[in-house]
Amino acid sequence: EVQLLESGGGLVQPGGSLRLSCAASGFSFSYYAMSWVRQAPGKGLEWVSAISGSGDSTYYADSVKGRFTISRDNSKNTLYLQISSLRADDTAVYYCAQDRFTSPGYYFDNWGPGTLVTVSS
Amino acid sequence: DIQMTQSPLSLSASAGDRVTITCRASQNINNYLNWYQQKPGKAPKHLIYAASSLQTGVPSRFSGSGSGTDFTLTISSLQPEDFATYYCQQSYTTPATFGPGTKVVVK
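Residue numbers (my numbering), protein chains in the order written: chain A, 2 to 122; chain B, 3 to 109.
Rather than coming from a laboratory, the hints here were simulated on the basis of the structure. Yeah, the Cβ is synthetic: ideal placement off N, Cα and C, and Gly gets one too. No false leads were mixed into what you were given.
When the alpha-carbon atoms are kept at most 27 Å apart in a straight line, the in silico BS3-like pairs for lysine-lysine are as follows:
#	chain 1	residue 1	chain 2	residue 2
1	A	Lys-77	B	Lys-47
2	B	Lys-47	B	Lys-109
3	B	Lys-44	A	Lys-77
4	B	Lys-109	A	Lys-44
5	B	Lys-105	B	Lys-47
6	A	Lys-44	B	Lys-105
7	B	Lys-105	B	Lys-41
8	B	Lys-47	A	Lys-44
A few chain B residues that face chain A, going by a derived Cβ cut-off under 7 Å, partial list only:
#	residue
9	Tyr-34
10	Asn-36
11	Ala-45
12	His-48
13	Tyr-89
14	Thr-96
15	Ala-98
16	Phe-100
17	Pro-102
18	Gly-103
Isolated chain A (complex conformation) (with noise of 0.2 Å):
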């Protein structure tokens, strides 16, 4: 069974950092590209940014691009997102999901329960 556990959330001042990450496991994780989507209070998802099974290929939404950084280590089944500059519209549940390629295109198969960060001062 696929699990996917997301961690490293929480309260964080605006300008601040934070590293969150998701623990994989039920799946040959290095397989697999990766997605962090997240959703606002009361609001709908966005995807944030991706990263290929190897992590040699990286992705970002443009309104994270040059403040969040994607990463994974493979020996450790664990992707990670390392968030810095928050401002409060970056408040979201942050979730971790596993791609998977299908012809055509590709969906967010499995989700974690996600993480919340919340941006205040």
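Since chain A is already given, all that's left is putting chain B on it; use the hints.
Same frame as chain A, but now just chain B:
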């Protein structure tokens, strides 16, 4: 970025009703379209990929159709566990983008 819209944004229905949700893309996305269900306080759950292919384990009362810019999600006979918010998402280009969601509530 490709913009995704959904209609209606909210609908009230009763168990047993046939429910249809529409999703529209701002440009042609062929059938690079997925649907998700989300219940309050929970992570989204994937339902349909490639516009019309049902994810394993998803009940057959869910179906999807469409291609190009216009898509639909249909629930043939609404069950009590189907009251939730439904999102469409395109994977034709990066960034992946989601629709605003359609909340299905009890009439």
